[in-house]
Each structure stands twice: as structure tokens, then as C-alpha cells.
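As a plain string of letters, each chain reads:
2 protein chains.
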Amino acid sequence: MNSDRDIDFYLDFTSPYAYLASTQIEALAAMHGHSVVWRPFLIGATFKITGRKALIQHPLVWEYSLHDVQRSARLLGQSITIPVKFPILSVKPGRLFYYFQERDGDQRMAKKFASAAFHSYFVEQKDITDNQVLGQIGVAFGVDEAQVGEIVKSTVMKARFKAEVDAAMERKVFGAPTFIVKNEMFWGVDKLGQLGKWLETGGW
Amino acid sequence: MNSDRDIDFYLDFTSPYAYLASTQIEALAAMHGHSVVWRPFLIGATFKITGRKALIQHPLVWEYSLHDVQRSARLLGQSITIPVKFPILSVKPGRLFYYFQERDGDQRMAKKFASAAFHSYFVEQKDITDNQVLGQIGVAFGVDEAQVGEIVKSTVMKARFKAEVDAAMERKVFGAPTFIVKNEMFWGVDKLGQLGKWLETGGW
Numbered sequence: 001m002n003s004d005r006d007i008d009f010y011l012d013f014t015s016p017y018a019y020l021a022s023t024q025i026e027a028l029a030a031m032h033g034h035s036v037v038w039r040p041f042l043i044g045a046t047f048k049i050t051g052r053k054a055l056i057q058h059p060l061v062w063e064y065s066l067h068d069v070q071r072s073a074r075l076l077g078q079s080i081t082i083p084v085k086f087p088i089l090s091v092k093p094g095r096l097f098y099y100f101q102e103r104d105g106d107q108r109m110a111k112k113f114a115s116a117a118f119h120s121y122f123v124e125q126k127d128i129t130d131n132q133v134l135g136q137i138g139v140a141f142g143v144d145e146a147q148v149g150e151i152v153k154s155t156v157m158k159a160r161f162k163a164e165v166d167a168a169m170e171r172k173v174f175g176a177p178t179f180i181v182k183n184e185m186f187w188g189v190d191k192l193g194q195l196g197k198w199l200e201t202g203g204w
Numbered sequence: 001m002n003s004d005r006d007i008d009f010y011l012d013f014t015s016p017y018a019y020l021a022s023t024q025i026e027a028l029a030a031m032h033g034h035s036v037v038w039r040p041f042l043i044g045a046t047f048k049i050t051g052r053k054a055l056i057q058h059p060l061v062w063e064y065s066l067h068d069v070q071r072s073a074r075l076l077g078q079s080i081t082i083p084v085k086f087p088i089l090s091v092k093p094g095r096l097f098y099y100f101q102e103r104d105g106d107q108r109m110a111k112k113f114a115s116a117a118f119h120s121y122f123v124e125q126k127d128i129t130d131n132q133v134l135g136q137i138g139v140a141f142g143v144d145e146a147q148v149g150e151i152v153k154s155t156v157m158k159a160r161f162k163a164e165v166d167a168a169m170e171r172k173v174f175g176a177p178t179f180i181v182k183n184e185m186f187w188g189v190d191k192l193g194q195l196g197k198w199l200e201t202g203g204w
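Chains as they are written, first to last, in this note's numbering: chain A, 1 to 204; chain B, 1 to 204.
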């Protein structure tokens, strides 16, 4: 489904930096005539390969990151709070995302769902691993809590999401957010500037 | 020795990202009427506290970093090659840096030595843990190989450098490059853009 004008945007719903990136990437891409393919995956799955750990597990680093996330959010005109329940295993919103994509044949609603899930988690501090919360979000996208329950435990959507996580690892994605345009990878929300320059110039 | 207009620039001579930052920070600071205090330290010493490891120890991450370092260098008009002997324990250039600072009472020559050491390591791929190499660099700064040998093993300079490393850790510095301006910390060469905006606006 990719074209040379597409940017793959790898995200994990538990990543505050991926949330910040999600508020910027569409406008950045559009400015340079590109479109974005959102690709939720599980950053935790990559830790087994890289030996990395979550930021929160590193003293000093996490303290800095808490400050940095707020500072970056303010600069971007966004608000963010790290929820009490953090990090989360984001399989449920991940499976729902691909469900909407499959159902609709495009990502229009899936992206809106992803933005709503990010907002629910990082702005409203709701637990987006909870079927009731996901049902409340889902209503606007045509699924209620009961349907959410079915979707997130369905064999098909489990396999679908796992295939996406595996594909991300095959492309050597190891962090979130990660952006790939024509095999050129940029890791981190702090790379949005370089990514924009890359799109503008065609690379250097 | 710090004033509110000073930016503390924490570097380790083994860090390719600190090298790239060293080619930019003086001009960036000057543009906004700030000066820079260079502070060589040992990133490895912080790993014991944070539980982090060197980039080279993480599969996939290191592969990306090798590519990213080159891409960032090209954008900055710099050239860089990761030396065969990498990483290094950079105590010797660290001690020499503070020796020049102590000797002169300011950082003018010490900064030039640091830039020369970075260039020797990352452009000429010379081993800057070798007294002969450091002696070749040192000549322009008034020390020959024999003096280098004395300085890097002197109790005074060992203690001086250790105190700097300890002070960096007390300020919760955990990575290189790190910039601190009036207690506001920015980590990573990718933060130079935000740092510049911070200097320009006085913060947000």
C-alpha cells in the first residue's frame, strides 16, 4: 500500500514522544506533498532484540524525559500528562487500529481513532487498555464496548497486529516514533526537523 | 566560573554526537549572546547510575546510529568516520583539557585542544588514548609527548578530572552531548534547534 510519497509512521500508544509526533506528522507531510501511513506496533517487542529498556527504567533519564516531554509539548502547543498507569501494553488499541483500517479499506477513521486514543491516554489520563474506555472512544467510530471486546480478543486481529509488529522489527524499527520514507529512517520526535528538510530537499 | 549567559557543554571525547555538537555550539551560543563552558566528562561513569549502555552495545540501534551520524554530519557540513578503536576511555584527553584550562586560567586553548582531539579521532582516526598521538596534538598547545605522559598520570590532574566527572553526575548529566543553560538541560545533538530557540526566547 506504500508509494514513494508515503511516510511510514511507527508508533506505540504508550509512547509520549509518539503522541507528540502524532500531532505534527500529518501537517509536516502535507506541507511537502507526502502522505502518512500510521503503523502502530509494540516497542517492548523490540527490546528483546536490542537489549534496550523503557525510559522509565533508567534513573536520571526518566527524570529528564518527564521534563523534556512537557517542554517539547509546550513548544508544540500540546498538553500532556504521563498517566498514573504507565507504561501500558498497547495491544488493544493496536488491534482496534488495524480493525478500522481493514473494515474501511483505508486509514482515515483508523488515524482518527489513534488520535482519540492518544488523547484519551495522555490528556485525559484514561486507561486505554480498558474495554470500557475503548468502547467510549469507539462509539464515534462505530463500535461499542461489546464489539471492542470481541475485536481485541479475535484471533484474526491478534494475528493481524502481531504481523505488523513482526514487520516493524523486520524493517529494524527499534523505537517510537520512527519515520521511514523510501527506506530512510528517522528515530525520535526530535528528528521532525531533519525529516522535514529531507522531504523538502529529497535528501542529502 | 559560570554566569547566567553561560551554556555548559558536557562532552565525552569518544562520543560522535558530542563531536558533531562541538562543531556547532560556539556559533549557536554567540548568535544569541551566550558563551560556552566546555566540560569533558566520562559518559561511561554515568552508566552505573542509569543502567544505560553504549549505543554500540545495542543491535539495530548502533546500525541506525552509524547511518544517522553520517547523515547529520553531512547536513552540518562535517565529515566523520567511526574509528576502528571505538569506543575509547577518554581520561587522557579529558585530563589534558583541564590541564590547559588550569594552566591558562581560561578555556581558549583548552577548547582548541578539544576540537583538535575530536578531529584527530573522528576525522583522522587516530588513537587519542595514545601518548604519542596526544603529544603530536599537544605541540601546538605547548606540551610534547613527554609532558603529555606526565600530565595524564599526575595525581593532581587525575583528581581534577575525576572531580569534573563527579560534578557532572551530581548535575544529573547522563548523556553526551548535554547542554545546560541556567539549570535547563538539553540532551543530544538533535536538541540544538530547541536550545537555540530557548536562548532566543528565554524559554517557554
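Hints should not be assumed to be uniformly reliable.
Some, not all, of what chain B presents toward chain A, calculated at C-beta under 7 Å [unchecked claim]:
id, residue
1, Asn2
2, Arg5
3, Pro59
4, Phe141
5, Arg171
6, Phe174
Here are the computed lysine-lysine pairs in the DSS-like style, where the Cα-Cα straight-line distance is at most 30 Å [as the list claims (entries may be wrong)]:
id, chain 1, residue 1, chain 2, residue 2
7, A, Lys172, B, Lys191
8, B, Lys191, B, Lys126
9, A, Lys53, B, Lys126
10, B, Lys162, A, Lys48
11, B, Lys191, A, Lys85
12, B, Lys162, A, Lys197
13, B, Lys48, A, Lys85
14, B, Lys182, B, Lys126
15, A, Lys53, A, Lys172
16, B, Lys191, A, Lys111
17, A, Lys162, B, Lys191
18, A, Lys126, A, Lys182
19, B, Lys126, A, Lys48
These are calculated hints, taken from the structure and not from any lab test.
These figures come from a predicted structure and were not determined experimentally.
The beta carbon of each residue, even a glycine, is placed where N, CA and C say it ideally should be.
Results for each hint:
| no. | hint | result |
| --- | --- | --- |
| 1 | Asn2 | 20 Å, violated |
| 2 | Arg5 | 20 Å, violated |
| 3 | Pro59 | 6 Å, holds |
| 4 | Phe141 | 34 Å, violated |
| 5 | Arg171 | 10 Å, violated |
| 6 | Phe174 | 4 Å, holds |
| 7 | A:Lys172 x B:Lys191 | 24 Å, holds |
| 8 | B:Lys191 x B:Lys126 | 28 Å, holds |
| 9 | A:Lys53 x B:Lys126 | 33 Å, violated |
| 10 | B:Lys162 x A:Lys48 | 35 Å, violated |
| 11 | B:Lys191 x A:Lys85 | 28 Å, holds |
| 12 | B:Lys162 x A:Lys197 | 41 Å, violated |
| 13 | B:Lys48 x A:Lys85 | 27 Å, holds |
| 14 | B:Lys182 x B:Lys126 | 36 Å, violated |
| 15 | A:Lys53 x A:Lys172 | 16 Å, holds |
| 16 | B:Lys191 x A:Lys111 | 28 Å, holds |
| 17 | A:Lys162 x B:Lys191 | 34 Å, violated |
| 18 | A:Lys126 x A:Lys182 | 36 Å, violated |
| 19 | B:Lys126 x A:Lys48 | 35 Å, violated |
Of the numbered hints listed earlier, those contradicted by the structure are 1, 2, 4, 5, 9, 10, 12, 14, 17, 18, 19.
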